[in-house]
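Participant: The lines below spell out each chain.
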Amino acid sequence: MNNTILKVTNLKKHFPIKGGIFSKIVGYVYSVDGVTFDIKYGETVGLVGESGCGKTTTGRLILRLIEPTDGKIEFEGMDITKLNKKELRPLRRQMQIIFQDPYASLNPRMTIGSIIGEPLEIHKIAKGKEKEDRVANLMKKVGLRPDHMKRYPHEFSGGQRQRVGIARALALNPKLIIGDEPVSALDVSIQAQVINLLEDLQDEFKLSYLIISHDLRIIERISDRVAVMYLGRIVEFANSEDIYAAPQHPYTEALLSVIPIPDPTVKKKKIILKGDVPSPIEPPSGCHFHPRCPYKMDICVKVYPVYKSPEGGHPVACHLRNKEGEAWVI
Amino acid sequence: MSNFKFHDPLSWVPRNSKLFFIGGLIIVSILLASLFAPIIAPYDPTDQNLYEGLDPPDYKHLFGRDKLGRDILSRVLYGSRISLFVGIIVVSVSSIIGIIVGSLSGYRGGRVDEIIMRFCDILLAFPGILLAIAIMSVLGPNLTNVIVALCITAWVSYARLIRGQILSLREREFILAVDALGGSSYRIILKHLLPNILSPLIVEATFGIAGAIIAESGLSFLGLGVQPPHPSWGSMLNEGRQFLLIAPHLTIFPGIAIMITVLGFNFIGDGIRDLMDVKR
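Residue numbers (our numbering), protein chains in the order written: chain A, 1 to 330; chain B, 331 to 610.
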């Protein structure tokens, strides 16, 4: 337990849908519907899933940028689910976020220097010359030239801007960084550079990462453990090697089967899923995956499978793996 | 052909600030003219000479005389004081109210937003000038009441503009980033939201000055604004209306004055918007 930096238990976020003239609540979007996982010190956990499955919402819930409907978030053993804005402030120094879109995540009217220096200002860590020195240092750390401090975001490329975002997140010396699709808006060659940078920074500052992505190759490259999300819930959570070698959930299996392999001689059976992700407003009965599952059984339509580890395995939510009556782990 | 060069008299002004420069030149000259009206004006604007009423422009009275024989050039110069004063005060007061109310509404959202916006809808449901006339008839006709009446209707458009902009910006990632850093609402509004709204706001404000000058003219035209014998561009138009066919100079010159002033403020607005664009 002591080596856990973040523990999320049964986290839920249901966005109300309002309709009618009196803004009556007519339904809910079950964006995040019971997510449970943990991150250890110095570890990188990858959170994968299709778009609309609630990955980004999960990341923002952990940072308390949006209010959870239910569940519990523990950071270094402290329950932070119910803290108010003022109580959260000291915590902001420990947890930071890198956003997906480097074009939208930097204020277009501020110089790079004042963007990176802002966290130092907010937390009254440094001012004036000292702040400038620290900003210059951070810029060097992420591979930017300190003499570009007075420039505006639009003068930089996507990759450079993402580095600015990383420098801003690093400024407070956090322990945990949530990367919300940190490289998906970048070119493939730049992606590799930014991932290398993230890995170097992890070694240097002993960072823990939660990397949210839809790209399984990036997750494989960077993660120690991987959580697979489908329609608001985690369906499988395991060590990176285990999950890539022997996926337990049919959804994970299907996702992995379609990763392109850069070798034309390799013949591989692809599982192409039918249809789209169902609507999170009215999730399917039973297992949310059953309408697209190649191994659908009768029970899948009626009962949502328990998320637990079968004997000798890792947590997975599937009737194929967890037979009735087996020990409930987790 | 290739040797032909268009001579640009403003070639020394940076390219993206030419509009601002021209607008500024117009407004500064009008401001100076109104400030030094007692020195520049050739005659007292209230001096009457009934024998020479409605005289067309000549070299002694460049803009001619009105029905009471008063010098129109002097009256236009003095009238600029009222027009500019009303325009600037109305826009300053109503935009400050609009910024405060609009930020509150857009940033807080929920019930506060709902109440403020429905109130704005009520104000918007009346034609602005009618509402101003109603207010004026209650408060009585004088300059202060013109300003009060115009402010009561004018802040709504600023509040709605600011609210709309804040709503669209609030979900942007750079605002979330400040949230994640622990920045206060105060910081988010003042340092991140408002600077990004400034250009549409300034454009709206300069058009607003123009609008307020026209509205003041309108109210004076209806006899609800500045009372005679003090000149205002609107009341001069009103007086000239009766003689439009036989002595058009009574309306042409105050009309031109309004047009140039409005144009000047619009130029400044466009110019500031260009200057504020960090991408140029």
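Because the hints were derived from the structure by calculation, they are not lab data.
Check each hint, because a few of them may be wrong.
[Claimed, not checked] Computed from the model, here is a short list of chain A residues facing chain B with C-beta under 7 Å:
hint: 1; residue: L65
hint: 2; residue: K86
hint: 3; residue: R89
hint: 4; residue: F99
hint: 5; residue: L106
[As the list claims (entries may be wrong)] Distance ranges between label pairs, derived from CB positions:
hint: 6; chain 1: A; residue 1: V26; chain 2: B; residue 2: I418; range: 46 to 52 Å
hint: 7; chain 1: A; residue 1: R134; chain 2: B; residue 2: I370; range: 53 to 59 Å
hint: 8; chain 1: A; residue 1: E199; chain 2: B; residue 2: R438; range: 26 to 32 Å
hint: 9; chain 1: B; residue 1: L520; chain 2: A; residue 2: E155; range: 41 to 47 Å
hint: 10; chain 1: B; residue 1: S422; chain 2: A; residue 2: E132; range: 35 to 41 Å
hint: 11; chain 1: A; residue 1: H148; chain 2: B; residue 2: L593; range: 53 to 59 Å
hint: 12; chain 1: A; residue 1: S184; chain 2: B; residue 2: I430; range: 37 to 43 Å
hint: 13; chain 1: A; residue 1: V303; chain 2: B; residue 2: F449; range: 34 to 40 Å
hint: 14; chain 1: B; residue 1: L552; chain 2: A; residue 2: G158; range: 56 to 62 Å
hint: 15; chain 1: B; residue 1: L520; chain 2: A; residue 2: R134; range: 33 to 39 Å
[Claimed, not checked] Over the 12 Å line for every Cβ pair with chain A, so calculated as not near, a few chain B residues:
hint: 16; residue: V468
hint: 17; residue: G512
hint: 18; residue: L523
hint: 19; residue: P559
We put the CB at the ideal spot given by N, CA and C, even for glycine.
Participant: A separate judgement is required for each hint: does it hold in the structure or not?
Facilitator: Hint check results:
Proximity of L65 of chain A to chain B holds as hinted, the smallest CB-CB distance being about 6 Å (cut-off 7 Å). Residue-level restraint check for K86 of chain A is violated (minimum Cβ-Cβ distance to chain B is 9 Å; threshold 7 Å). Given hint, R89 of chain A at the interface with chain B, holds; its Cβ is 4 Å from that chain's nearest Cβ, closer than 7 Å. For F99 of chain A, the shortest C-beta to C-beta distance to chain B is roughly 4 Å, which falls under 7 Å, so the interface hint holds.
With 7 Å as the threshold, the beta carbon of L106 of chain A comes within range of chain B, its nearest partner Cβ sitting at about 6 Å, so the hint holds. Under the hint 46 to 52 Å, the C-beta atoms of V26 of chain A and I418 of chain B, about 49 Å apart, fit the expected range. A hinted range of 53 to 59 Å holds for the C-beta pair R134 of chain A and I370 of chain B, which are about 58 Å apart. In this structure the hint that E199 of chain A and R438 of chain B lie 26 to 32 Å apart at CB is violated, the actual value being about 42 Å.
Judged by the Cβ atoms, the range 41 to 47 Å given for L520 of chain B and E155 of chain A is violated: they are separated by roughly 25 Å. Separation of S422 of chain B from E132 of chain A is about 36 Å and conforms to the stated range, judged on CB atoms against 35 to 41 Å. At roughly 41 Å, the beta carbons of H148 of chain A and L593 of chain B sit outside the given window of 53 to 59 Å. Range check, S184 of chain A to I430 of chain B: Cβ separation about 39 Å, and the 37 to 43 Å hint holds.
For the pair V303 of chain A and F449 of chain B, the beta carbons lie near 52 Å from each other, so the given range of 34 to 40 Å is not met. The supplied range of 56 to 62 Å is met by L552 of chain B and G158 of chain A, whose beta-carbon atoms lie about 58 Å from each other. Between L520 of chain B and R134 of chain A the CB atoms are about 23 Å apart, so this pair departs from the stated range of 33 to 39 Å. Under the 12 Å C-beta cut-off, the non-interface status given to V468 of chain B relative to chain A holds; the minimum distance is some 34 Å.
With a cut of 12 Å on Cβ distances, G512 of chain B falls inside the contact zone with chain A, its closest approach being about 4 Å. Distance check for L523 of chain B against chain A: the nearest CB is about 10 Å away, which does not clear 12 Å, and the non-interface claim fails. No Cβ of chain A comes within 12 Å of the Cβ of P559 of chain B; the nearest lies about 50 Å off, and the non-interface call holds.
Of the numbered hints given earlier, the model fails hints 2, 8, 9, 11, 13, 15, 17, 18; all others are met.
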